Amino acid sequence: MVLPRELAVTTEIAVDAQGVRKRFGAVEALRGLDLRVRAGEIYGLLGPNGSGKTTFIRCVAGLLRPEAGTLTVLGKAPRAAVSAGSVGYMTQAPALYGELSVDENLRFFAALQSVPDVDKRIEDALRTVDLLDRQRSVVNTLSGGMRTRVSLAATLLHQPRLLLLDEPTVGVDPVLRQEFWAYFRRLASAGTTLLVSSHVMDEASRCDRLGLIRAGVVLAEGSATELISRAGTRDLESAFLALAAAG
Amino acid sequence: MNHHRVRAVAKRIVLGFRRDRRSLGLLFVAPVVVLSLVGAVWGSTTERVPTVVVATDRFNMPAPIVDRLVASTAIHGRRATYDEGVRLLREGAIDAVVSLEGTTLHLLIEGSDPLQSGSIGGAIQKALTDAVAGGNSLLGGPKIEIDQLYGGTDYSILDYLAPVLVAFFAFFFIFLLSAVSFLRERTTGTLERLMATPLRRGELVLGYLAGFSFFALLQAIVILLFTVFILKVHYRGNLATIFIVEAVLVVGAVSLGLLVSAAARNELQAVQFVPIVLLPQVFLSGLLIPVDQLPDYLRPVSAILPLTYANEALRSVMIKGYELADPLVLRDIGVLIAFGLVMAIGAVASIRREVA
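Each protein sequence line maps, in turn, to chains A and B.
Quick note: my numbering has the first sequence finishing at residue 1353, numbered continuously throughout.
Quick note: my numbering has the second sequence finishing at residue 348, numbered continuously throughout.
If we strip away everything but chain B, and leave its shape as in the complex, we get (with noise of 0.2 Å):
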């Protein structure tokens, strides 16, 4: 092995990037416009308060209680019949109606959207709560304040989201570089002049790896520094410890675009790699989905995902402050480690087959 050599590899990756903008682009500005967007979408903390109809002709309770329940700042309380409410329901201008039967509670919702169907619940029991116990709070049971363990009250969904996005981003547009720049190499006759120097196939593919690597570190910088200073998300864990989860995770990247380059013969078929590699990944790697919550079949599937273990130390470094030394984040650099020699040493292989 001759780091000569794997520099020079390395130094002419950044090279080729400095003139290609639009690669720059893709690389740099693209993840903030994302995050930009994920921003402003998931960054706020109030929750949307739902307008719901309480039917005054089924809904026996004394009356204060009832001026209560409308009143509550969990809901936007409006009175009206059952069947204007229905209606009113029907023509989207409600989230739901609440009436009384017996002693059971009925809600009507519209029901097509489940994430929202929960929340209308939870702000409706909320409002009947505070319109029982009135202004006494004995009636209504012990209050409940929540203490939360990391994060805060105003810990958004964005915050949740940021780390892994790190990661996602990382994993993406490296592993879409690779690709497309070791086919080029391969298209156009440079790999076939390289291999007729004294390189060795494994200072290529080790160049390759340093020169994205530089890129990734790089992005990461650019996304960390865009997401804790402009969107302010919250992040208590330890920068280094943050860069190295992404360089082991971009070491699997390049590898597997360079992989990935020994199965395209042009740039289109390259980019066709692109969904089967990522969306398994955005659905199953806890990105959007707590892994705990897949059903049982796809947890081997999520298992075998880098992004999978990127995410889960990134969220542990980053929300709950985690340090390096921490069991669970070393185990899952370990696993990242594993996944880019693999692919590493499978890039080496398929460099054999196509150069005798």
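Isolated chain A (complex conformation) (with noise of 0.2 Å):
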């Protein structure tokens, strides 16, 4: 018997990268990297500094043409991707016009994205970064922390289908990064894709699934669970390193 086709269980690949090489002049950054971010998935990419996280998330947001392999952002190219207004993109400085007003600068990034009903919206983004009271304010007299919170709700007005997040909580404090993580999760949920880059190990094993990368390449990919099974080792942290050692 043959099942129908809608049937079938297929998985949708959000990002799909094979063989992705990028050279800065002597540097290589990224020597062939293979790896499937599925959709509605939170993956995050773990590495030291220096890995190619950020060059490949940049790939991601078309900022950066790979010199080699093939990278599919949502079933299309990197750019026409974020063209066509479904992917977001948090940098890893919080990247805002200090001279602007926090409403200045949301407003600002919404009309670029064409994001429609613009005051219920901002509203929104600033009540999940808890940053409603602060609306008003000019960026430079705010902390590097809610800088960092403006800057993803920035990310956040447009309601991409796919969020490529580089390193989202440094300089957020331990009960803020908590709710991000949450809200991270109910994202997932409702079916956004998130990218998520770290290097800390405790953010890792908050994410469906890893990809360890070293060097430009990705050692191993797999849940957290999984990698600490394949390495033998008590936690992820003596995982990475075992399989660093391995690859």
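Bear in mind the hints are in silico, worked out from the structure with no lab data behind them.
Just to be clear, a hint being listed does not mean it is correct.
To be verified - Away from chain A, derived, C-beta distances all over 12 Å, residues of chain B:
| # | residue |
| --- | --- |
| 1 | L18 |
| 2 | W34 |
| 3 | Y289 |
What the hints assert, rightly or not - Here are a few chain A residues that face chain B, going by a calculated C-beta distance under 10 Å:
| # | residue |
| --- | --- |
| 4 | R1164 |
| 5 | Y1195 |
| 6 | M1196 |
| 7 | R1213 |
| 8 | L1218 |
| 9 | S1220 |
| 10 | G1250 |
| 11 | G1251 |
Keep in mind that this is a model prediction, so the values were computed, not measured.
No residue lacks a Cβ here, since even glycine has one placed at the ideal position from N, Cα and C.
Hints in hand, dock the two standalone chains.
Now the structure itself:
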């Protein structure tokens, strides 16, 4: 008996990278990177500084063009996916206009993404990052952690299908970090795909799946428990070290 | 091309400067201060009357002529011996010593300032004509009255400089501010963020052009009001034509600023481009020295500078009252548009190189 097509279990792939290479002068940042991010999951890109996490995220955001390999984002070329408004990219440093207020910053980024019903969206985004009371504040007067939160809010306004978060919780206090992850989880449940880079093991364990990345290649891919059992270690950190040594 | 996104970028720039008092001061107060200085220095039409010693021991002319020469209003005449005159000249107390040898009139002047030297010669010549002619005007030949096609007798150097200063301030300040603003986009990472949205590079550059044109036109209004109503500069042209010239000049200035920001790593480096971009235009665009008085080998340089065309167009419009439809004005505007387009395309290309 043949199953109808609709019933066949197909896992949609949000980000499909195969053999992606990117070189900056003498440095080869990505050396044939393969990974697949499934739609609706939180995928953690885990690796030390300089391992190629940010370079890969910038490729996905359409900011860098790989020299070799294929990279599709939501079934399209990266830039096409970004142009369609399907991608949200939160840079590592909170890139905002310091001389503008929080509200002016958010309205500007909303306008670039042609966001409808702006007032409501801004209110929702600010409530999510717990900054509703600072809507009128000039960004230069905010603390580093607050700027990170505004930066996240600016990334959420257009409700992207794929969210690229480059070390999103740097400079965020533990309480708010907890809330951030609860919010990430809610977004994923609602169907948003999240690609999160981190070098903090505690955060990595909250991801559905992880890609351990070092020197521009993925050493291992799987859930935190899978990786730990594969390495035969007690925790993720030692698993990472063991897999890195083996790779 | 999405005009909503272009407008958003332009609005962002305008909002950003609203809280930046120093930049606003640079845009609006600095030109007024500089123009006031220029007005104070060059705004007066009275030329300095030179003090001249007539060397009585070496001036063999009838006494009435010498009397009239000393009394002439063209000079402050004094009598002294030749040696006494030379001594006074060395001390800087007088400007010239006049003596007569045979039929040749000798002027001894200090001579270190060529500009002053020229005006002293002219004044003494005029005094001598008065003296020789005396009461009998026929003796001195026809009397010369100068009528001017443009300007007037009360027309000063400030009237000549004001039109080009409008262009110079616009170009200088807008170039500097756009270079620094765009550099900030690069260094703070907002450019990276912008490029990860549907915003296109062309839209970004257009938004910048629109945002800075707003300030440039506001600045032009401030400068024009100040020069026309406070400094009383003569002005005959159509205000709209002046703004059109200004607007096309600013397109080039903003785009050049964006281009330069691609070559700079920080704000200090961006500022280092100011003398490279501005100084050749001060000397070669006709701002101080008319272009047709430049040496031949500098003419081609002058021909590629945008301010050369803006100066010519603004002088034609403000001093001579040319209309927009005048072929000369249209040609200048055309060249400025071409310059702006080339720079804008260069600016778009410079963004491409950094963000692949």
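Proposed interface contact between R1213 of chain A and chain B, which counts if any beta carbon pair is under 10 Å: holds, 8 Å
Given hint G1250 of chain A near chain B, where the shortest CB pair must fall under 10 Å: Violated, because the Cβ-Cβ distance from G1250 of chain A to chain B comes to roughly 14 Å (cut-off 10 Å).
Restraint check, 10 Å cut-off on beta carbons, for G1251 of chain A near chain B: Cβ of G1251 of chain A sits 17 Å from chain B, so the hint is violated.
Restraint check, 10 Å cut-off on beta carbons, for R1164 of chain A near chain B: With Cβ-Cβ at 8 Å, under 10 Å, it holds.
Residue hint L1218 of chain A, partner chain B, criterion CB-CB below 10 Å: holds, 4 Å
Hint status (Cβ of S1220 of chain A to nearest Cβ of chain B, threshold 10 Å): Holds. Min distance 7 Å.
Satisfaction of the Y1195 of chain A interface hint, Cβ to chain B closer than 10 Å: With a closest approach of 4 Å, the Y1195 of chain A hint holds.
No chain A beta carbon within 12 Å of L18 of chain B's: holds, 15 Å
Given as non-interface: Y289 of chain B, which should sit over 12 Å from chain A by C-beta: holds, 41 Å
Supplied contact hint for M1196 of chain A, tested at 10 Å Cβ to chain B: For M1196 of chain A, the interface hint holds, since the closest Cβ of chain B sits about 9 Å away, which is under 10 Å.
Interface exclusion of W34 of chain B relative to chain A, criterion Cβ beyond 12 Å: holds, 38 Å
When each numbered hint is compared with the structure, violations occur for hints 10, 11.
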